[in-house]
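Visitor: Sequence:
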Amino acid sequence: MCGFIGVYQRNPAVIDEHSLLKALSSINHRGPDERSVWHDPSGRAALGHVRLSIIGLNNGSQPIVAEQGDLTLVVNGEFYDHERIRRELEAEGCIFKTASDSEIALHLYRRSGVAGLKQLRGEFAIVLFDRRRRLMMAVRDRMGIKPLFYAQHGGAWYFASEIKALLAAGIPAEWDEDAYASRAFYLRDHTLFKGVRSVQPGCWVMVDNGGLHNGRYWDMEFARQDAVYPADEKGMIEAVRAAVEESVRLRLRADVPMGVYLSGGIDSSAMLGMATHLSSQPLNAFNLSFTDMDDYDENRFARLAAEHNGARFHTIAVSQDNLADFFEQALWHNETPFFNAHGVAKYILSQQVREAGMKVVLTGEGADEVFAGYPHFRRDMLLYNSEQQDPEVVNKLRQRIQESEQGYVQPDMPQDIHWMIQQLRHGVSWLDNQAGWFKALESLYRADFHDRFQGVDPYRQFFDRLDHRNLEGRDPVHKSMYLWAKSYLPNFVLTTLGDRMEMANSIEGRVPLLDHHVVELACRLPVWMKVRGSTEKYVFREAMRPYLPDALYKRKKHYFRAPPATLQQQGRLYQLVQDVLRGGELDALPFFEPAKVRSLLEKLPRLSAQEQGLLDPMLMELTSLCLLQRRFAMGSSGASAHWNSRVAA
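Note that the UniProt record's numbering has the sequence shown beginning at 1, numbered continuously upward.
Don't take each hint at face value.
What the hints assert, rightly or not - Derived DSBU-like pairs: lysine-lysine, alpha-carbon spacing no greater than 35 Å straight-line:
#, residue 1, residue 2
1, K359, K596
2, K97, K439
3, K234, K557
4, K557, K439
5, K97, K118
6, K22, K118
7, K359, K439
8, K554, K118
9, K439, K118
Just so you know, these hints were derived from the structure itself, not from any lab. All values derive from a computational prediction rather than experimental measurement.
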């Protein structure tokens, strides 16, 4: 894995070398092994790259310039099965300059244009400059595993692996207040930084003399409700096993040491079991252990999986004090708020894994999105999609749901949630949950901020921008999964629990369960192979059974969460929240009324443990925003800018 910066300007001029080097320095953690910059001789473009060498250690430098000098490329990520593609290209006469897997993208583009990049398999972000056609193109992998951002400023377009590189190159650090109010930094392609967008998963963005253009080269396409499915359930299970095995096998290729992140759930445990089987040797397995709250600690389950596979088991103990110590640094890498400190824990884990000598890890992320592992998908199945299920079992489970509806279906849901339900013709449990939480957050808004963004309808904006062809005629659960994959998967899960916290410590995370061949197979399977009664991820669970201890095979889904700070009020993480929210950053923040927030802090000790736990995500987000304000020296715009200038004075 690596990091990069790209600059394109329609009017050729000297591109400042110092700003490029400054941008690369800001993301040096993504590639501490090597750094280089390339300038187009005409002054139209420049590309910079920092490298974490994984494959082709001694001959894989970037930017890669074509033999003809007309194409230049930088890549962050890995292309799997690249040896086969390379052989095909060489047979057609292509001449390779490096041993890197990245170079195949350059030759595929030359041969077939954008369409050629559909052959790429893996997790990647690409920026390519085509000198002859005077264009720069950015491409992101199908599921959004690797980050890719862009912005326009001062007559030029900038592309980078992280937002901080854009800021270092000269993009102003300013809050995007509309993106916050509409939650577009989670629901769409916006960020919290004004003018900075992310290239969406499975999409490309191109700039040329005609301006900005974009398109999609891949999307999740779930089977239609009226599809005819194979009757052979055993065959479907074996097909999933074979697809995952191929994906893991491809990701075991590396020229550096490799480990496995082991949470204690079936996803990472299955990855350890399959990787051990394929490599025929003990692997290093790393587990986070929350030492000061047993309810959140899965160490005993992870140890069980490690022993089952003869792995070398490493426990990384994390306390609330550790989380406080690394909170701000992890947030700087994340560039997006935390609503739980589990992202900080992942940062600490990656740090320790790097110190143990690893550069690459396999992870189990993605199984819940691909095979419907979250409780909210199970809830949708029971409420809206239960035709193929045992009626007696469904009725019992529905009754159990109604007895524990906390967090769902608030009495005063936003109007655009009701509108969206009308469009879909059914509810979406995760949207119900999120909308209720956001409504509570809005109660803390400043009056002017609330008035300016009242009626912004974030969910309608989200829904209107989707490709509705991939929603029509689909099962309710599949529609819910599609909506999640278009929002929280790339904008939260794969950021906070994936790339950012791994690459912060120069660790490459590989996610076999998000391989697009696995995803496409899962999309073709009937919904009842994913959720069956109270069992989530049914087909995946059955496919992975040979690699799991029996206790893990039977284990239900447990969210990976750090213990709430509000439940340990003697700990340093709770004290960090108190100190930050009583400090000057909250006063400078354009979103919230400080008096309302501090009144909530005063009430907190008198609330029940359940109420404190429910408020913890809100306090984590507020604290995160204040620290982002501090670390990035964020400016403001709109009606609240005048207020902020008075505070600064």
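Visitor: Decide, hint by hint, whether the structure agrees.
Guide: So, going through the hints one by one against the coordinates:
no., hint, in the structure
1, K359 to K596, "45 Å, violated"
2, K97 to K439, "55 Å, violated"
3, K234 to K557, "23 Å, holds"
4, K557 to K439, "27 Å, holds"
5, K97 to K118, "22 Å, holds"
6, K22 to K118, "33 Å, holds"
7, K359 to K439, "42 Å, violated"
8, K554 to K118, "38 Å, violated"
9, K439 to K118, "41 Å, violated"
Checked against the numbered hints given earlier, this structure breaks hints 1, 2, 7, 8, 9; the rest are met.
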